[in-house]
Amino acid sequence: SQKIEQNSEALNIQEGKTATLTCNYTNYSPAYLQWYRQDPGRGPVFLLLIRENEKEKRKERLKVTFDTTLKQSLFHITASQPADSATYLCALRRGYGGSQGNLIFGKGTKLSVKP
Amino acid sequence: KAGVTQTPRYLIKTRGQQVTLSCSPISGHRSVSWYQQTPGQGLQFLFEYFSETQRNKGNFPGRFSGRQFSNSRSEMNVSTLELGDSALYLCASSLDWDSTDTQYFGPGTRLTVL
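Protein chains in written order, with the working numbering: chain P, 1 to 115; chain V, 116 to 229.
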């Protein structure tokens, strides 16, 4: 069965630095990957989606890459701020169309940005 | 536009009891999914409803059930509660039954089983 792993449970960085979070998967390549942000006591919030035929996607200070050879997605936050502190989840989709139940989530990486 | 709302936000029950959780999706959204989130297992899919029909179900025992009403509001029920059912239960709504639709999550219901 498909496995998805976010390598670090926690990541601590200094304000202003670039945070890089890793998401690895096994077996077949997903149709696309999503990244979510989750704050304590709240539900996940969708950030970015990257498809299998895309190498990179950007949104403001966020950048996501997708390497189907390495079976890995990297999530970057440039010029990080304390307000970026949260847990970041990656999720992969097994195919296009159909149920949201085909979305598999990683356990998340808790990012702490120190001033 | 109001976001996804879930009630109650917190719940404490004892083993053997049953519980009903409620979810109101974003206005106009017709698809509702439920997830269980625990530190050990992460976010796991429970089931998905669209147009009052269950479209997909995750790998959970039959004690977990749900339904959707004609106004797209959804409820999930857990019977004969076990200690391991303690978790954050999240509801997410999306516009249609299409996996490319963005899901919008509610704040969750924190269930504690004693």
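If you are wondering where the hints come from, they were derived from the structure by calculation, not from laboratory data.
There's no promise every hint is true.
To be verified - A partial selection of chain P residues facing chain V, derived with a Cβ cut-off under 10 Å:
1. G16
2. Y25
3. Y28
4. Q38
5. V45
6. L49
7. I50
8. N53
9. K55
10. L74
11. T78
12. P82
13. A83
14. A86
15. P115
No residue lacks a Cβ here, since even glycine has one placed at the ideal position from N, Cα and C.
Consistency of the hints with the structure:
no., hint, verdict
1, G16, "30 Å, violated"
2, Y25, "14 Å, violated"
3, Y28, "16 Å, violated"
4, Q38, "8 Å, holds"
5, V45, "7 Å, holds"
6, L49, "8 Å, holds"
7, I50, "12 Å, violated"
8, N53, "14 Å, violated"
9, K55, "19 Å, violated"
10, L74, "20 Å, violated"
11, T78, "23 Å, violated"
12, P82, "22 Å, violated"
13, A83, "19 Å, violated"
14, A86, "13 Å, violated"
15, P115, "27 Å, violated"
The structure is inconsistent with the numbered hints 1, 2, 3, 7, 8, 9, 10, 11, 12, 13, 14 and 15, although it conforms to all the rest.
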